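Note that the protein sequences, when read in sequence, are chains A and B.
Residues in the first sequence are numbered consecutively from 0, following numbering that gives the first Met the number 0.
Residues in the second sequence are numbered consecutively from 0, following numbering that gives the first Met the number 0.
Calculated from the structure, these hints are not laboratory results.
There could be a bad hint or two in this list.
[Claimed, not checked] Taking CB as the label site, the calculated pair distances span: (1) B:D26 to A:Q30: 16 to 26 Å; (2) A:V274 to B:I23: 27 to 37 Å; (3) B:H25 to A:R211: 20 to 30 Å; (4) B:H25 to A:A127: 13 to 23 Å; (5) B:G106 to A:L34: 22 to 32 Å; (6) A:I129 to B:G36: 31 to 41 Å; (7) B:W419 to A:S128: 26 to 36 Å.
All values reported here derive from a predicted model rather than from experimental measurement.
Glycine included, every Cβ here is placed at the ideal spot set by N, Cα and C.
Here is how the chains run, residue by residue.
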Amino acid sequence: MASINPPTNIVIPESDLRENKSDWDLVINAQHNLLHIPFSEIWRYRDLLLLLVRRDFVAIYKQTILGPLWFLIQPILTAVVFTIIFGNIAKISTDGLPHILFYMSGITCWNYFAECLTKTSETFTANASIFGKVYFPRIIMPLSIVVSGLLKFAIQFLLFGCFIVWFFATGASIHLTPAIFLFPLLVLIMGMLGLGLGMIISSLTTKYRDLRFLLQFGIQLMMYATPIIYPVSSVPEKYHWLIFSNPMTAIVETFRYGFLGSGALNITTLIYSGVVSIFILAIGAIIFNRIEKTFMDTV
Amino acid sequence: MARTIQIENVSKMYRIGQIGTGTISHDLNRWWCKLRGKPDPYQRIGKVNDRENSGGDYVWALKDVNLNIEQGQILGIIGRNGAGKSTLLKLLSRVTAPTTGDIRVKGRLASLLEVGTGFHPELTGRENIFLNGAILGMTRVEIRRQFDAIVDFSGCGKYIDTPVKRYSSGMYVRLAFAVAAHLESEILVVDEVLAVGDADFQSRCLGKMEDVSRTDGRTILFVSHNMGAVKKLCPHSALVQHGQVTLCGDTTNVINAYLRGKSENVRRRVWGDNKAGNDEMELHEISVCDQNGSFTSALATDTPLKVHIRYTLKKPVYNLRVVILLMTSDGTEVISSSDLMSDVNNQPRRTGEYISTCSIPAFLLNKLNYTIGVEFEVPGERSILSGNTVNFEVSELTINQLGTTNAPAPSGTVHPLLDWEVKAA
Numbered sequence: 000m001a002s003i004n005p006p007t008n009i010v011i012p013e014s015d016l017r018e019n020k021s022d023w024d025l026v027i028n029a030q031h032n033l034l035h036i037p038f039s040e041i042w043r044y045r046d047l048l049l050l051l052v053r054r055d056f057v058a059i060y061k062q063t064i065l066g067p068l069w070f071l072i073q074p075i076l077t078a079v080v081f082t083i084i085f086g087n088i089a090k091i092s093t094d095g096l097p098h099i100l101f102y103m104s105g106i107t108c109w110n111y112f113a114e115c116l117t118k119t120s121e122t123f124t125a126n127a128s129i130f131g132k133v134y135f136p137r138i139i140m141p142l143s144i145v146v147s148g149l150l151k152f153a154i155q156f157l158l159f160g161c162f163i164v165w166f167f168a169t170g171a172s173i174h175l176t177p178a179i180f181l182f183p184l185l186v187l188i189m190g191m192l193g194l195g196l197g198m199i200i201s202s203l204t205t206k207y208r209d210l211r212f213l214l215q216f217g218i219q220l221m222m223y224a225t226p227i228i229y230p231v232s233s234v235p236e237k238y239h240w241l242i243f244s245n246p247m248t249a250i251v252e253t254f255r256y257g258f259l260g261s262g263a264l265n266i267t268t269l270i271y272s273g274v275v276s277i278f279i280l281a282i283g284a285i286i287f288n289r290i291e292k293t294f295m296d297t298v
Numbered sequence: 000m001a002r003t004i005q006i007e008n009v010s011k012m013y014r015i016g017q018i019g020t021g022t023i024s025h026d027l028n029r030w031w032c033k034l035r036g037k038p039d040p041y042q043r044i045g046k047v048n049d050r051e052n053s054g055g056d057y058v059w060a061l062k063d064v065n066l067n068i069e070q071g072q073i074l075g076i077i078g079r080n081g082a083g084k085s086t087l088l089k090l091l092s093r094v095t096a097p098t099t100g101d102i103r104v105k106g107r108l109a110s111l112l113e114v115g116t117g118f119h120p121e122l123t124g125r126e127n128i129f130l131n132g133a134i135l136g137m138t139r140v141e142i143r144r145q146f147d148a149i150v151d152f153s154g155c156g157k158y159i160d161t162p163v164k165r166y167s168s169g170m171y172v173r174l175a176f177a178v179a180a181h182l183e184s185e186i187l188v189v190d191e192v193l194a195v196g197d198a199d200f201q202s203r204c205l206g207k208m209e210d211v212s213r214t215d216g217r218t219i220l221f222v223s224h225n226m227g228a229v230k231k232l233c234p235h236s237a238l239v240q241h242g243q244v245t246l247c248g249d250t251t252n253v254i255n256a257y258l259r260g261k262s263e264n265v266r267r268r269v270w271g272d273n274k275a276g277n278d279e280m281e282l283h284e285i286s287v288c289d290q291n292g293s294f295t296s297a298l299a300t301d302t303p304l305k306v307h308i309r310y311t312l313k314k315p316v317y318n319l320r321v322v323i324l325l326m327t328s329d330g331t332e333v334i335s336s337s338d339l340m341s342d343v344n345n346q347p348r349r350t351g352e353y354i355s356t357c358s359i360p361a362f363l364l365n366k367l368n369y370t371i372g373v374e375f376e377v378p379g380e381r382s383i384l385s386g387n388t389v390n391f392e393v394s395e396l397t398i399n400q401l402g403t404t405n406a407p408a409p410s411g412t413v414h415p416l417l418d419w420e421v422k423a424a
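Please take these sequences and the hints and turn them into a complete structure.
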């Protein structure tokens with residue numbers, strides 16, 4: 000410590016004492032840039048990101064007997080229900096694939112996207128109590144959701160992999176295609192899409208909660224507009240433009256083509272999905288950036 | 000000495016009332032003005048932060064605040080509830096942004112507006128230390144290095160692998176504060192968090208903060224309603240009134256100015272046209288007088304006091320209780336008492352005007368400033384009217400039972416005359 004002499008007068012807004020801007024580490028004011036992603040700050044708070052992911056994971060299965068097994072049971076049960084209702088009762092085509100595999104491929108992808116979307120859309124409202132008391136880059140919260148969603152996706156994907164091996168061994172008509180190398184890209188696009196949409200919704204709901212009511216319904220609707228329970232081939236040709244305008248369609252289709260060999264690879268629609276997701280993510284980041292400084296006043 | 004925080008013309012405007020359908024028209028109007036390059040139409044109509052003055056949709060919680068804080072300084076921030084202290088800390092903590100003005104900060108700033116932010120009930124103490132530390136801005140390496148010290152300080156070592164939802168509230172707070180106390184930031188902003196926890200823990204926290212500032216040269220901003228704590232910890236203080244920093248300097252002076260401002264209308268308050276009451280009753284007067292009925296005399300510890308409360312009941316009230324709460328001026332509660340034992344009890348008090356009088360005997364109070372708060376209530380059922388206070392000062396100590404000491408007054412909130420007997424054993 001340099002000196003302990005108390006300053007005699009502490010209220011001195013004298014302009015001649017004003018120091019050079021560059022001397023300060025941090026300037027707090029109302030200004031914000033249009034698109035500013037604080038990469039260095041995110042890096043500094045990387046431990047928080049990981050701990051939040053850990054929290055999401057650990058807290059969910061505390062005081063359960065089956066623990067993390069629930070991550071596996073959920074998609075299996077959904078696939079079984081779909082198999083019974085859509086496969087056996089409604090007899091919707093699965094492009095000649097085993098029902099369970101067909102539904103699971105769709106569910107695995109969809110779950111990741113839907114989870115990213117619903118959870119990030121609650122970022123501001125659900126964490127208001129934390130955000131109201133302490134600062135950290137707000138973007139950490141949605142990012143942690145995407146990452147923990149990714150882990151769950153990985154677990155469910157491994158399960159899906161086991162099913163592929165099993166069905167392959169028992170002689171089902173499935174085969175891998177080179178399109179599986181697009182897999183990381185698919186995951187990336189889904190993540191960006193879920194994160195972007197979620198950020199848009201979470202930012203818009205800080206002041207007006209109306210969108211929240213639409214979200215649940217919207218996600219359901221979007222699921223039916225994505226080939227989860229039916230293959231694209233069963234959709235009449237004239238509606239293809241409609242179904243492919245949904246950026247998730249190309250992802251699920253490519254995923255299925257890569258791992259199960261059904262359907263076809265359509266690079267154009269995949270590029271379309273990628274462009275849309277980047278666009279949505281950019282919009283999400285802009286709105287999020289705009290709202291994060293003062294949302295505490297309105298949330 | 001280097002300046003670490005510079006607050007320049009900072010203002011913060013809030014909208015009063017609910018956010019609802021009316022808000023969107025304001026938003027549209029604001030957007031339309033912005034589009035035409037005009038200033039925000041609602042920033043002009045904001046009122047100065049004055050909670051007595053109602054009206055207007057917008058209020059300036061802070062208005063043109065300027066403050067500079069030097070490195071290593073412990074600055075106390077005091078002011079009434081709603082004066083803008085917490086808003087100022089919120090701006091510094093970057094929880095929300097100022098409407099206008101700049102705040103410049105040098106060094107890492109950690110804020111402690113609440114202890115245990117982000118604690119997850121399902122996680123164990125250990126897990127929460129890491130999570131909470133990270134939320135407050137520590138890296139995992141830092142937390143690991145401090146881990147033992149944190150556990151030690153909290154005194155929760157035995158329960159560190161138990162989920163915090165099983166903790167007693169005291170343990171919870173201790174653990175939470177322990178994490179915060181070990182933050183390695185150059186600047187620490189602390190809001191009224193010490194109000195929780197027992198006295199022993201509070202003094203340990205204050206000690207820790209003092210320590211941190213002295214040994215590491217860290218800057219601390221400390222908001223509290225506990226004048227004792229501010230006096231003890233902070234050599235300098237700033238007084239926030241109506242959203243402005245009105246005084247800044249030596250803590251004793253600032254606290255005196257604050258208390259003076261608080262006790263403007265002293266021992267007698269009479270409500271005339273400006274009525275205090277509701278549809279059940281109306282409060283006319285609260286007064287504290289000596290044995291001669293004077294409201295203005297100087298009071299000594301040997302003066303018996305009478306507290307008169309004059310009110311009108313507009314409806315009969317069964318089981319009414321008029322309660323007084325005697326506090327020291329820093330808010331420490333000393334005595335509470337009510338007219339429960341009086342004759343009129345256990346029968347409905349009919350409509351009409353009443354005076355409830357409470358006698359405070361001589362040789363009970365200390366040489367201090369006191370506040371008396373009055374509440375009308377039906378016990379266990381409802382509170383009818385509360386929040387009205389009078390202040391008085393006992394300025395002379397007739398008998399000091401400690402004999403001649405250096406202290407201006409014996410310690411303690413009361414100084415009753417007690418019997419002593421000394422025998423050879």
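Structure-based check of all given hints:
1. B:D26 to A:Q30: 16 to 26 Å: holds, 19 Å
2. A:V274 to B:I23: 27 to 37 Å: With Cβ atoms ~32 Å apart, the hint holds.
3. B:H25 to A:R211: 20 to 30 Å: holds, 22 Å
4. B:H25 to A:A127: 13 to 23 Å: Roughly 22 Å apart at Cβ, these two residues keep to the hinted range, so it holds.
5. B:G106 to A:L34: 22 to 32 Å: holds, 28 Å
6. A:I129 to B:G36: 31 to 41 Å: With Cβ atoms ~37 Å apart, the hint holds.
7. B:W419 to A:S128: 26 to 36 Å: violated, 53 Å
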